[in-house]
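There are 2 protein chains.
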Amino acid sequence: MFESAELGHSIPKKEFAKREAELREALLAAQYELLAQKKTQVIVVIGGVDGAGKGETVNLLNEWMDPRHIITHAFGERSDEESERPRMWRFWRALPPRGKIGILFGSWYTDPILWRVQGKSKTAEFERYLQDINHFERMLVDEGAIVLKFWFHLSKKVQRKRLKTLEADPKTRWRVTDLDWQRFKQYDEFRAVSEVALRETSTGEAPWTIVEGTDPNYRYLTVGQHLLDALRDRLSNAAPPPARASVLPKSALDGRNLLNELDFSGKLTKKAYTRKLEKYQGKLSLLTRDPRFANRALIVVFEGVDAAGKGGSIRRITGALDARHYSVVPVAAPTEEERAHTYLWRFWRQLPRKGRVMIFDRSWYGRVLVERVEGFCTESEWLRAYSEINDFEEQLTNADAIVVKFWVTVTEDEQLRRFQDREKTPFKAFKITAEDWRNRAKWQEYEHAVCDMVERTSTEDAPWVLVSANDKYAARIAILHTLCERLAAAL
Amino acid sequence: MFESAELGHSIPKKEFAKREAELREALLAAQYELLAQKKTQVIVVIGGVDGAGKGETVNLLNEWMDPRHIITHAFGERSDEESERPRMWRFWRALPPRGKIGILFGSWYTDPILWRVQGKSKTAEFERYLQDINHFERMLVDEGAIVLKFWFHLSKKVQRKRLKTLEADPKTRWRVTDLDWQRFKQYDEFRAVSEVALRETSTGEAPWTIVEGTDPNYRYLTVGQHLLDALRDRLSNAAPPPARASVLPKSALDGRNLLNELDFSGKLTKKAYTRKLEKYQGKLSLLTRDPRFANRALIVVFEGVDAAGKGGSIRRITGALDARHYSVVPVAAPTEEERAHTYLWRFWRQLPRKGRVMIFDRSWYGRVLVERVEGFCTESEWLRAYSEINDFEEQLTNADAIVVKFWVTVTEDEQLRRFQDREKTPFKAFKITAEDWRNRAKWQEYEHAVCDMVERTSTEDAPWVLVSANDKYAARIAILHTLCERLAAAL
Numbered sequence: 048m049f050e051s052a053e054l055g056h057s058i059p060k061k062e063f064a065k066r067e068a069e070l071r072e073a074l075l076a077a078q079y080e081l082l083a084q085k086k087t088q089v090i091v092v093i094g095g096v097d098g099a100g101k102g103e104t105v106n107l108l109n110e111w112m113d114p115r116h117i118i119t120h121a122f123g124e125r126s127d128e129e130s131e132r133p134r135m136w137r138f139w140r141a142l143p144p145r146g147k148i149g150i151l152f153g154s155w156y157t158d159p160i161l162w163r164v165q166g167k168s169k170t171a172e173f174e175r176y177l178q179d180i181n182h183f184e185r186m187l188v189d190e191g192a193i194v195l196k197f198w199f200h201l202s203k204k205v206q207r208k209r210l211k212t213l214e215a216d217p218k219t220r221w222r223v224t225d226l227d228w229q230r231f232k233q234y235d236e237f238r239a240v241s242e243v244a245l246r247e248t249s250t251g252e253a254p255w256t257i258v259e260g261t262d263p264n265y266r267y268l269t270v271g272q273h274l275l276d277a278l279r280d281r282l283s284n285a286a287p288p289p290a291r292a293s294v295l296p297k298s299a300l301d302g303r304n305l306l307n308e309l310d311f312s313g314k315l316t317k318k319a320y321t322r323k324l325e326k327y328q329g330k331l332s333l334l335t336r337d338p339r340f341a342n343r344a345l346i347v348v349f350e351g352v353d354a355a356g357k358g359g360s361i362r363r364i365t366g367a368l369d370a371r372h373y374s375v376v377p378v379a380a381p382t383e384e385e386r387a388h389t390y391l392w393r394f395w396r397q398l399p400r401k402g403r404v405m406i407f408d409r410s411w412y413g414r415v416l417v418e419r420v421e422g423f424c425t426e427s428e429w430l431r432a433y434s435e436i437n438d439f440e441e442q443l444t445n446a447d448a449i450v451v452k453f454w455v456t457v458t459e460d461e462q463l464r465r466f467q468d469r470e471k472t473p474f475k476a477f478k479i480t481a482e483d484w485r486n487r488a489k490w491q492e493y494e495h496a497v498c499d500m501v502e503r504t505s506t507e508d509a510p511w512v513l514v515s516a517n518d519k520y521a522a523r524i525a526i527l528h529t530l531c532e533r534l535a536a537a538l
Numbered sequence: 048m049f050e051s052a053e054l055g056h057s058i059p060k061k062e063f064a065k066r067e068a069e070l071r072e073a074l075l076a077a078q079y080e081l082l083a084q085k086k087t088q089v090i091v092v093i094g095g096v097d098g099a100g101k102g103e104t105v106n107l108l109n110e111w112m113d114p115r116h117i118i119t120h121a122f123g124e125r126s127d128e129e130s131e132r133p134r135m136w137r138f139w140r141a142l143p144p145r146g147k148i149g150i151l152f153g154s155w156y157t158d159p160i161l162w163r164v165q166g167k168s169k170t171a172e173f174e175r176y177l178q179d180i181n182h183f184e185r186m187l188v189d190e191g192a193i194v195l196k197f198w199f200h201l202s203k204k205v206q207r208k209r210l211k212t213l214e215a216d217p218k219t220r221w222r223v224t225d226l227d228w229q230r231f232k233q234y235d236e237f238r239a240v241s242e243v244a245l246r247e248t249s250t251g252e253a254p255w256t257i258v259e260g261t262d263p264n265y266r267y268l269t270v271g272q273h274l275l276d277a278l279r280d281r282l283s284n285a286a287p288p289p290a291r292a293s294v295l296p297k298s299a300l301d302g303r304n305l306l307n308e309l310d311f312s313g314k315l316t317k318k319a320y321t322r323k324l325e326k327y328q329g330k331l332s333l334l335t336r337d338p339r340f341a342n343r344a345l346i347v348v349f350e351g352v353d354a355a356g357k358g359g360s361i362r363r364i365t366g367a368l369d370a371r372h373y374s375v376v377p378v379a380a381p382t383e384e385e386r387a388h389t390y391l392w393r394f395w396r397q398l399p400r401k402g403r404v405m406i407f408d409r410s411w412y413g414r415v416l417v418e419r420v421e422g423f424c425t426e427s428e429w430l431r432a433y434s435e436i437n438d439f440e441e442q443l444t445n446a447d448a449i450v451v452k453f454w455v456t457v458t459e460d461e462q463l464r465r466f467q468d469r470e471k472t473p474f475k476a477f478k479i480t481a482e483d484w485r486n487r488a489k490w491q492e493y494e495h496a497v498c499d500m501v502e503r504t505s506t507e508d509a510p511w512v513l514v515s516a517n518d519k520y521a522a523r524i525a526i527l528h529t530l531c532e533r534l535a536a537a538l
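In order, the protein sequence lines correspond to chains S and P.
Residue numbering for the first sequence follows our numbering, beginning at 48 and increasing consecutively.
Residue numbering for the second sequence follows our numbering, beginning at 48 and increasing consecutively.
No wet-lab data here; the hints were simulated from the structure.
Any copy, or any two copies together, can satisfy a pair, since identical chains are not distinguished.
The calculated lysine to any residue pairs, modelled on SDA-like cross-linking and capped at a C-alpha distance of 20 Å, are:
#1 Lys147 with Thr382
#2 Lys232 with Gly166
#3 Lys401 with Arg125
#4 Lys489 with Gly422
#5 Lys317 with Ala64
#6 Lys169 with Glu242
#7 Lys86 with Thr382
#8 Lys475 with Leu70
Can you build the whole structure from these sequences, using the hints too?
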């Protein structure tokens, strides 16, 4: 794999000067066009061996183009805020919005490769990381980003020479640390592991470009030209990336589904409700104060039909919690900044630290519910959202979060009764809008979407809980009871 | 000051039940109105002695109202990301946007009071913190926020009893820690210091409300009712808060000012420029790699007339830096999210960690330049911005940041020449718009605004550097030279 990057590629000084002048002008023009179109973001991943000129190349890209519209991130040690959230959180923080170029110096590849080289992770784990990366990058590309990955390579001989040369010059000595030499001792392992990583993650949508780092002129032009080609290709190409075709199975032949099989007969008297409410709120309160919870996070998702009583259920949960430890996030239309990022970005930015409870009132499932039914996104977008969401939630549970998801629903008749009741009561009238009636008219389509959603995203670690809420008391108790059970089992 | 909060205020259970029912309905209605108007944010600061029911009260407010639109923050230890930035950064992160209620449990008062009690700060320092707080809160109120401050008080006797009672009950024992008892030993000092803090910060725009914490019913209703009154008052009151009148002195009688006295004769040959560029870029490069810089941050502000060459100067700076250590922030119109916050919020969110360089291409000075001249803000807004900006920059320098501000300017004739040149050159044409011509027509007004700005915001720690840029080479060298000097002096 690295053979062609050990050939001793080089570009003569004179040719470089000529090509550089053309290249930088073209890159700058392409950068402004990218900024003007604001349709795509460019994510440049930089990896490779030490001393191969990664830093200089990134600096030069910033010099060739307008550094005001390039966001360069270097990833060192995790900050405490980063280490309390899923591994990928720090990268989501660093993703550029559409129109900009983000250069990630060190990236999601650094840790998996180093851990494997140092023997901190086993092969199976390593392979799993690589698969996660493939999913992540596919998501980025599906959302319209250009992902360019450059691997800077040096042969062992050249690397040794390079480190020695840097060390000999007083002006560059600071750049060579003991760590560099330590790593150099592991050159062979590093090379072998990197080769696997590059092979497994060189996908159609985000292939690696291996850059021989020996000659500066060669590596600068290679990276710059490849970036330019990718930019030009996308900028001139008005067509969106091809959708991956897929067909969802139709509803079952006998018409039975999860929702219409739901039992709506549960009922609680006010007295029994009050007693049970106190009991489960007390339990929940103790569970979230359990010292073991300090190393976990609880993420609760509420989805449901209009007027099913989500808000009331949320208040019964927060009533048991300490306001210092929970937040409720009402999910509405995305803001301008959020729209400039990939779909899941706005949920990543809301992820809780450890020891906290985050309640989402509507959530990332909007894409496969309202956005699907109302046509706010394309079919290929909501089709791929199922696996993107599963990946996302898997990362949450891997980072020790407990994910609980409720679909709160009432029967069509009951919803009608509640709508009419709301319209009659002045105090509640603000809760009902024309949109609620419009949504109601699409009951069947929503039911179909919900069944697909539950079928495709109810996982072992983050299962859906369907709550029949014709009786508000019974629904609230069922929700509190479930939360207590899930928490108790997880701690 | 605390006398009236030691009277043993209480509300009988029956009266509480009745008033609570009315209050919560009214609070909820007011909260939704606040959300609908989206014109103001409510900032509730909670402070006081331990065991006085702060936590319970905040929990109850969340229960009475819709917790989805309340953002509660508790401030514990600073995270590493917080401790590398100015003290107030963590609070700016927690400020609610317009339409929402933010409850700050523990706040900017906690540290100054504790440090004074523990003898970690002297009186003068303490007084200085309190003045900083007054400036900060005045800014919040001027920007349209409602700031409500509640101090929960218990007499020494009652506090001892309260802590003992909590400790006796297995259900509440977890809430009393050794730290609470340790603090109790310092009750008298705490009371004395708090009294000074409350007196000095009980301003007209953000007065303290002292709440006796003995009787739960009393404290709940007191806080709830006060919040309701404040909300109703603002919601019904369409008029903006009264502007503080102020008159700026007119230009000097002899017509001389900082800008028209500027010397534009400086010139550099290309050869001299190339030599000096290399020299100062090398210096700058070494300075930012100096180990002492790891504990500082460099914040560079660029303002100037159109076509004065800000972009080119910025590129000459970044050319000397490592892309991993700097960012350039181009400041354009604020986003939707930024507009929902107080003016300076969008700059606070961009503050660099230590060891980093942040270059602002246009900045917070927009308010006293373009916004003033174009009438995008009111007169009282830009008038008060001078001191808000001075406060802001003082916080930056206090947090060990080095702040360097450049006003880059050319003569009117030279600007005309450059505009015409840009229009003729296809490659540069995108850089010139009708807006540039419109700005040019207001040359005198801008000149006046710039003179006011320099006069009012050029401080010892963050002075303005006026750069005459008719000769681009000389200007760039002057800028690099200044940066090197300032850095060398600061390290």
